[in-house]
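Residue numbers (my numbering), protein chains in the order written: chain V, 550 to 954; chain C, 550 to 954.
Derived from the structure by calculation, the hints contain no laboratory data.
All figures in this text were calculated on a predicted structure; none of them were measured in a lab.
Which copy? The list can't say, so a pair holds if one copy fits it or any two copies do.
In silico DSS-like cross-links for lysine-lysine, where the CA-CA straight-line distance does not exceed 30 Å:
no.	residue 1	residue 2
1	Lys844	Lys758
2	Lys576	Lys913
3	Lys649	Lys754
4	Lys919	Lys763
5	Lys922	Lys892
6	Lys789	Lys755
Protein chains: 2
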Amino acid sequence: MDMAFVEGGVTAPKGFLAAGVHCGIKKYKKDLALIYSEVLATAAGVFTTNKVKAAPVMITMENLCDGKIQAIVANSGNANACTGERGLKDAREMAELAGKKLGLNPRNVAVASTGVIGVYLPMDKIRRGIEWCAESLSAGGSSDAALAIMTTDTFKKEMAVKLSIAGEEITIGGIAKGSGMIHPNMATMLCFITTDASIEERALKKALKDATKKSFNMISVDGDTSTNDMVVIMANGLAKNHTIAEGTKEYELFYSGLERICIEFAKMIARDGEGATKFVEITVKNAKDEESAVKAARAISKSCLVKTAIFGEDANWGRVMCAVGYSGIDLNPDLVDIYISSKGRELMLAENGSGVEFSEEEAKKILSEKEIKITVDLKQGGYSATAWGCDLSYDYVKINGSYRT
Amino acid sequence: MDMAFVEGGVTAPKGFLAAGVHCGIKKYKKDLALIYSEVLATAAGVFTTNKVKAAPVMITMENLCDGKIQAIVANSGNANACTGERGLKDAREMAELAGKKLGLNPRNVAVASTGVIGVYLPMDKIRRGIEWCAESLSAGGSSDAALAIMTTDTFKKEMAVKLSIAGEEITIGGIAKGSGMIHPNMATMLCFITTDASIEERALKKALKDATKKSFNMISVDGDTSTNDMVVIMANGLAKNHTIAEGTKEYELFYSGLERICIEFAKMIARDGEGATKFVEITVKNAKDEESAVKAARAISKSCLVKTAIFGEDANWGRVMCAVGYSGIDLNPDLVDIYISSKGRELMLAENGSGVEFSEEEAKKILSEKEIKITVDLKQGGYSATAWGCDLSYDYVKINGSYRT
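Could you put the whole structure together from the sequences, leaning on the hints where they help?
Shown next, in the form of structure tokens:
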């Protein structure tokens with residue numbers, strides 16, 4: 550497929566502006582971001598499955614009901630979660646303030662927050678911040694916006710791809726944040742995606758939902774699912790392509806581009822897991838159905854014992870086997886093969902459910918790398934799934950032992 | 550009720566002998582245990598729910614089919630899991646060797662193992678060890694047996710209670726091990742319980758199952774469920790009491806004693822969680838049904854973010870709220886109250902789903918204790934559940950980063 554990574558992140562597609570400022574929620578770092586489309590955009594969102602949903606999640610779900618938004622306002626440093634009626638009022642006010650400054654109906658503004666739970670938003674600072682953001686919107690503002698949504702992230706996450714769909718060029722871009730509380734079914738991670746493609750609302754919704762399943766739902770840092778996650782996409786149609794509908798070749802092309810962006814963001818988030826020293830890709834293959842492959846891959850990726858073994862560079866394949874065993878899938882343990890690999894080296898650790906003799910030296914070489922793959926072959930059918938994660942280090946404990954204070 | 554803790558552990562009930570020796574599976578410590586009843590005992594077992602079951606688990610399940618055993622042989626240092634046909638043969642041989650030495654049908658011997666996964670048992674050492682064990686069986690051997698089943702445990706776990714049931718005195722005793730991989734639905738934990746009570750097989754099975762649900766299934770160290778867990782009980786009837794049947798007052802008394810033993814062992818195991826510096830008791834109250842109370846309490850007890858906050862002595866109640874939110878229960882977040890307490894001090898952190906102003910100093914005082922309670926009031930109904938766990942410390946990572954090597 551004709552797809553190329555380009556610069557510009559969330560403002561790479563036509564007609565999008567962005568900004569990020571420091572308004573004082575955090576001590577020194579940028580903490581308020583705004584993304585704006587020059588025209589009303591078709592939009593879709595995917596939200597946390599946590600029953601405790603933060604106020605901005607509820608407001609954004611409401612505002613996305615009609616499938617249209619034109620701006621996204623997001624803050625870091627405070628999650629506006631577990632803040633009751635006042636939290637809802639504050640989230641609504643964020644949409645109103647942005648709407649007023651940009652001349653939009655507040656119902657066309659999405660709101661997002663990330664940070665500490667259970668503390669009211671400092672609305673005086675947010676009010677000021679939204680003004681500043683609106684005044685500094687620019688086509689070069691993606692990087693500032695990406696910085697402004699970071700919490701414990703150690704690097705900013707932005708990306709864009711250009712695709713040719715039936716001879717017409719479209720661009721998809723985005724920014725994301727995520728590092729702590731990351732888990733299948735989404736945990737404090739935010740991802741805002743923009744595209745100038747013209748696409749039907751139904752098709753956009755389906756594409757986002759499917760791409761999320763293959764990407765953000767397949768990463769795990771610590772197994773906790775946050776109150777604040779959301780992925781929102783805006784498609785403003787300014788590429789003037791023939792409107793994309795479900796079930797067409799054009800849809801497939803658009804979907805590949807979107808999935809690629811989502812997978813790359815998911816991998817960045819796993820790589821940036823709190824305290825992570827290693828990035829792990831887990832593939833479960835030859836499962837009897839897709840659900841089994843997904844469940845097994847996710848169970849391995851979130852096992853604290855597998856994660857600490859990876860941190861300790863210990864080829865403890867029994868813990869991988871054990872995680873597959875409790876993942877809830879139907880399984881014949883006596884068929885399972887397990888491999889580790891990195892940088893083109895691959896080593897079999899177990900065959901037909903039992904350990905094989907392997908070189909500890911070779912295992913150590915593979916596990917000393919920063920990027921490690923674990924492959925589990927169930928030999929039961931033809932379905933595969935890939936999940937991503939990271940190791941569990943002393944620093945995870947350090948970061949999370951004193952996050953709030 | 551008339552119940553008293555007594556000395557003697559697994560050999561406290563009449564007619565039980567035990568031994569524990571060092572046979573060389575581990576470098577220096579005791580690694581092989583034997584428990585023997587002078588007469589054939591009614592028996593029941595509860596086993597890991599992991600689909601990958603270690604060989605000894607499969608053999609013991611088989612041997613318990615007829616509800617009778619007379620001895621238990623257990624080793625530490627090697628789990629005999631993921632060892633295929635050879636593992637099954639080895640586990641069977643352990644039962645045969647013990648049977649031969651003790652003059653028992655090998656089908657009346659239970660087998661258990663705990664330790665590293667995927668390595669074959671050193672059968673020459675085990676053969677020798679079983680001989681030694683059989684020769685050193687004694688009524689004072691409980692402590693040696695308790696030591697011989699330890700892995701990363703930092704203290705030995707043994708206990709016994711005496712009860713008076715309808716004027717007849719019976720004793721229940723046991724030994725247990727568990728520290729790593731502990732999680733609801735049981736993880737490498739072993740518990741062997743003996744009693745001189747005479748009790749019907751069906752009643753014994755039900756009592757063990759119910760007591761396990763309230764105790765071992767309510768503890769969590771790291772969310773991983775092991776391949777090797779088992780709880781086995783032997784009731785040899787030597788107390789000569791009137792045989793206990795289900796649905797009687799005598800059954801209720803026996804059950805209380807057994808539940809008490811199981812809960813105390815479960816708490817010991819949570820307290821001895823790998824790297825744990827604090828013991829945490831979590832009570833969820835006023836849930837709309839028991840299942841919801843259990844689910845919510847377990848979700849909190851296994852949340853890595855709650856655990857690291859406890860380690861850091863940080864009153865981050867938002868993480869407790871968040872865990873309740875993703876526990877899968879039906880919930881009205883706007884009703885939830887959260888408290889922490891220790892040593893008689895109690896502090897409300899959240900009311901009706903939102904944070905309340907609380908003294909950080911008081912919170913710090915409570916969280917600086919070694920034993921902490923978290924109480925969550927759902928205000929939806931009348932059901933409660935209690936779970937136990939520990940914090941997540943640097944040492945957890947250290948212990949598990951290099952367990953195998």
